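Student: What follows is each chain in one-letter form.
2 protein chains.
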Amino acid sequence: MSKLTIVANIHADPSQIDLVKAELEKLVPLTRAEEGCICYDLHRDNEDPAHFMFFEIWETRALWQTHMQAPHIAAYAQATDGAVVDFRLNEMTNIS
Amino acid sequence: MSKLTIVANIHADPSQIDLVKAELEKLVPLTRAEEGCICYDLHRDNEDPAHFMFFEIWETRALWQTHMQAPHIAAYAQATDGAVVDFRLNEMTNIS
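For the record, the sequence lines run as chains A and B. So in the UniProt record's numbering, spot 37 of the first sequence is number 37, and the numbers just go up one at a time. So in the UniProt record's numbering, spot 87 of the second sequence is number 87, and the numbers just go up one at a time.
If we strip away everything but chain A, and leave its shape as in the complex, we get (with noise of 0.2 Å):
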């Protein structure tokens, strides 16, 4: 079964940047040490300081659901809650 590519694009409050850059810091050595994840990193825009984006790969959908329920993503949220305008995420498929 092919890996599952994760790209989810965060935009913060531009009054909450910093609080919304940590708290993703955060999750990734978390994440990473979760079983299934190959790649987890995160990235900022380089013309937009309030928009995040991370590239995820796994090994499978299951494992990446697994992920989606992990404590620190629900501590995430909680301490997020407000400060995200905007959340996308897509799943696909590497077909290279």
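It should be emphasised that the hints constitute simulated quantities derived from the structure, not laboratory data. Hints should not be assumed to be uniformly reliable.
Since the list can't tell identical chains apart, any single copy or any two copies may satisfy a pair.
Distance condition first, Cα-Cα at most 20 Å in a straight line; then the derived EDC-like pairs of lysine to aspartate or glutamate [said to hold, decoys possible]:
| hint | residue 1 | residue 2 |
| --- | --- | --- |
| 1 | Lys21 | Glu59 |
| 2 | Lys3 | Asp86 |
| 3 | Lys26 | Glu47 |
| 4 | Lys3 | Asp13 |
| 5 | Lys3 | Asp81 |
| 6 | Lys21 | Glu35 |
| 7 | Lys3 | Asp41 |
| 8 | Lys21 | Glu91 |
| 9 | Lys21 | Asp41 |
| 10 | Lys3 | Asp45 |
| 11 | Lys26 | Glu91 |
| 12 | Lys3 | Glu47 |
| 13 | Lys3 | Asp48 |
| 14 | Lys3 | Glu25 |
| 15 | Lys26 | Asp13 |
| 16 | Lys3 | Glu35 |
| 17 | Lys26 | Asp45 |
Remember, it's a predicted structure, so these values are computed and weren't measured experimentally.
Since the structure of chain A is provided, determine the placement of chain B on it from the hints.
Tutor: Positioned in the frame of chain A, the structure of chain B alone reads:
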């Protein structure tokens, strides 16, 4: 100097998906052979067959810009003229 990450989202006209996919696929080996190209992976949205995404990593912005002037990019643009309904590109930096 930190590397450059490019995320390019390409939405094909629903009636031209196969053409756009074929032209995007042609770019992969040619671009991977270019100086400074670290990663150049084509993805497809699992929920929208018309939505493609290139995840790219380049040694420098300058080398990426050289790529954007390459003949195969010009040929792609010509071949897909009118067949792409939306194209967005973000220049990003890996901060994790």
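Student: With reference to the structure, classify each hint as holding or not holding.
Tutor: Hints versus structure:
For the homomeric pair Lys21 and Glu59, neither the shortest alpha-carbon distance inside one copy (26 Å) nor that between copies (25 Å) is at most 20 Å. Proximity of Lys3 to Asp86 under the C-alpha cut-off of 20 Å is found in neither arrangement, the shortest distances being 26 Å within a copy and 26 Å between copies. Taking identical chains as interchangeable, the C-alpha atoms of Lys26 and Glu47 are never at most 20 Å apart, the minima being 23 Å within one chain and 29 Å between chains. Taking the closest pair of Cα atoms, Lys3 and Asp13 never come within 20 Å of each other, the shortest separation being 32 Å inside a single copy and 26 Å across copies.
For the identical chains of this complex, Lys3 and Asp81 are neighbours neither inside a copy (30 Å) nor across copies (32 Å), given an alpha-carbon limit of 20 Å. Proximity of Lys21 to Glu35 under the C-alpha cut-off of 20 Å is found in neither arrangement, the shortest distances being 24 Å within a copy and 32 Å between copies. With identical chains, the CA atoms of Lys3 and Asp41 are at most 20 Å apart both within one copy (16 Å) and between copies (13 Å). In this assembly of identical chains, Lys21 and Glu91 lie within 20 Å of each other by CA distance solely across copies; the values are 18 Å between and 22 Å within a copy.
Taking identical chains as interchangeable, the C-alpha atoms of Lys21 and Asp41 lie at most 20 Å apart only when both belong to the same chain, with a minimum of 13 Å there against 26 Å between chains. Taking the shortest alpha-carbon separations for Lys3 and Asp45, only the inter-copy value of 13 Å comes in at or below 20 Å, while the best intra-copy value is 25 Å. In the homo-oligomer, the alpha carbons of Lys26 and Glu91 never lie at most 20 Å apart, since the shortest distance is 22 Å inside one protomer and 23 Å across protomers. Taking the shortest Cα distances, Lys3 and Glu47 sit within 20 Å of each other only across copies (15 Å), while inside one copy they are farther apart (30 Å).
In this assembly of identical chains, Lys3 and Asp48 lie within 20 Å of each other by CA distance solely across copies; the values are 17 Å between and 30 Å within a copy. In the homo-oligomer, the alpha carbons of Lys3 and Glu25 lie at most 20 Å apart only across protomers (19 Å), although the nearest pairing inside one protomer, at 24 Å, exceeds that limit. Within a single copy, Lys26 and Asp13 get their C-alpha atoms as close as 18 Å, which meets the 20 Å cut-off; across copies the closest is 39 Å, which misses it. For the homomeric pair Lys3 and Glu35, the shortest alpha-carbon distance inside one copy (13 Å) is at most 20 Å, but the shortest distance between copies (28 Å) is not.
In this assembly of identical chains, the alpha carbons of Lys26 and Asp45 lie at most 20 Å apart only when taken from the same copy (19 Å versus 27 Å across copies).
Hint violations for this structure: numbers 1, 2, 3, 4, 5, 6 and 11, all remaining hints satisfied.
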